Amino acid sequence: MRFERRLDQPRWLIFAVPIGSIAVAFVLMAIVLVLTGHAPGPTFRRLLDSAFFANGALTATFVSSTPILFTGLAAAAAFRMQLYNIGGEGQFYLGAVAAVGLALYLGDRGLDSTPVYIVAMALVGAVAGAAWAAIPALLRAFAHTNEIITSLMLNYVAGLLLTYLIIDSHSYWRDLESFEGQTFPLGKTIPEQANWPSASLDAFGGVLLPLGFGVGIALAAVMWIVYSRTRFGFEIQVIGDSPRSARFAGMRLRRKILAVMCISGAIAGLGGASYEGDFAFQIDPTGLQTSFYGYTGIVVAALARYNPLAVVPVAFLLGGLLSAGYTLQGADFPSGLVGVMQGLILFCALAGEVLVRYRLRIGRRAPRGVEAQAETAS
Amino acid sequence: MTAQVVASGINDSFVVIIVASAVLYGTPLLFAALGELLAERSGVLNLGVEGMMLVGAVMGFWAVQRLDAAGGVSLAGALVVAAVAGAAMALIHAFLVVTLRANQIVSGLALTIFAGAAGLSSYLGNDLNLSGSPADHAFSGLDVASLGDVPVLGPILFDQSALVYLSWALVVGIGLYLARTRPGLNLRAVGESPASADAMGIGVTAYRYAHTLAGGALAGIGGACFSLQITPQWVGGLTGGAGWIAVALVIFAFWRPDLCLVGAYLFGAFSALPSTLQARGWLGGIPSEVFSSLPYVMTVVVLVAVSSGAAKRRLGAPAALGIPYVREER
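So the sequence lines, in the order shown, correspond to chains A and B.
For the first sequence, position 249 (counting from the first letter as 1) is numbered 249 according to my numbering, and the numbering increases by one without interruption.
For the second sequence, position 278 (counting from the first letter as 1) is numbered 1278 according to my numbering, and the numbering increases by one without interruption.
Derived from the structure by calculation, the hints contain no laboratory data.
These numbers were taken from a predicted model, which means no experiment stands behind them.
Just to be clear, a hint being listed does not mean it is correct.
[Claimed, not checked] A partial selection of chain B residues facing chain A, derived with a Cβ cut-off under 8 Å: (1) Ile1092; (2) Leu1096; (3) Ala1115; (4) Ser1122; (5) Ile1286; (6) Ser1288; (7) Thr1299; (8) Ser1308.
Where a beta carbon is used, it is the ideal one built from N, C-alpha and C, also for glycine.
Given only the sequences and the hints, what does the whole structure look like? Please build it.
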């Protein structure tokens, strides 16, 4: 088996590889299921059914797709420049905390206008996410510190902050008044006017499309324009492909690192705000920390090959998988299966990437002389 | 008689307890960091340490519950199982990055997602029904030559578990291997300049596979330190980021095994601090989360300190780290 570098990449491969990756991942998954004593056929049927076809399945899928649409866009924004922001998880938490905090505050001041709530929550969420991302960005830009590890470490710190706010203190975010809140630690619920609306798609049997998903699609379109049609996007591409050429061309590396990392963090933070406004309405430290939306975003972005437009359908598909995972969780469908599936899809996508870059030749072609000798010998 | 009474007084003091628990909590970090060091010295960056540790932890724990043998045999068997499980995870990474030349960073992240807290380790833990019960056997202090009660040094040096002594042997062994043996020299050549190593007739692919797998095996054992000694039971995601701290440790240690030991115990101390302070009621009104975040915050701080100074001199980092070797394109 040998690899030969392709001189040009056929267009059909760009679509065939992701689809093929998912197909191969399903085959590998079937092997894992068989090895652990589960029947793959019924498991997959139930998985697809509760992801997309059952009653109310699509509404539930949008609930899981929306956060990972944002974290996927956040990862794509940074990974495109080979800037590995894996702090999407923590930036998402910070966005959620800031958005809930502001919504609670505005509620206490008696604000009544839903659009004002939405804009305020989105803005403050984005700012909080960007601020949290600015830490690894500054360290990377000015101290050459590996952003992978610093951004990841800050995820754990952000998780501890959630625990502190709700479980270990009497903070502004904690519900101390209601009966449930006095029995066990609980986040305060934001006012009803601060709930983000959702559109009912009657053509699809009344599926609820949350506002956040719409915002995410718009954001993906804007990102696509910025990354493929502007000077800023071009420079990011060059820096990603060859930092040396970028430096020689006079591009400002530090500024780009700061800008891209903060944009990435802002998108993740906005995702946190949307998560609270659309679905959660309060800070739930365990729920947030066991959902792994930030890490799933990396899978989404990689599978979409960091193309913002492709992030939308990928987030929808993986959202279906996540949502089916929650619905089916139990003895026949142990938790963790969804993560295994995501990992397998990502492995296959990585392997598929090789087929885009290289042509695979099976069988070793022996040099002419050797063949001739072999023939005379026989 | 009186000597012993005095000794137990000193041995219960805060400093001795912190140092002894720094060794306890530092040991998984040390195993994982040594493993990552071997992989990185061959030029393979493996960010899947956290995932490999968790799979090692869950499989090691499963082995101890299943093996019907005396404590010592069962624990030794569990370490082997944990090492094999970790190496199996590393094999996926090695295949993707060495044979298929995939992006090492993304592949390592994929491995952590695949195997980590929300993936295979949690699946295995649930499917094998492992949570909720304590380990049938756990590693505990060996009290070497009954020196465990010696003042100060006793609890720190002589009353540690077999895992700790194994890790010390590994530090020495890997140090000698890298500096004094032919395969160690070859390994360094592969990590610094695979093209020259290839020209010398060293099998770059074989070295990279072997050391990535060895790294996975050590990460698996590191994970088993949690489920068989520190906790000692199976809890999903019990490593809590230790794998990532281990990746950072290799950087602070300038890719040297002896410095890995120092770094691991430093971070072990940070990890031991919150529970030790809490046990004594010494938190002083400061939220315990502040102490729990110390290992993570200190990782960032130390990384900044090391990278700003060392970036100019490029101390220790293998030159070919993270770069796939393609003979046709050298």
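Status of the hints after comparison with the structure:
1. Ile1092: Since chain A brings a Cβ to about 6 Å from B/Ile1092, closer than 8 Å, the hint holds.
2. Leu1096: holds (5 Å)
3. Ala1115: holds (7 Å)
4. Ser1122: holds (3 Å)
5. Ile1286: violated (11 Å)
6. Ser1288: holds (7 Å)
7. Thr1299: Holds, because the Cβ-Cβ distance from B/Thr1299 to chain A comes to roughly 5 Å (cut-off 8 Å).
8. Ser1308: holds (4 Å)
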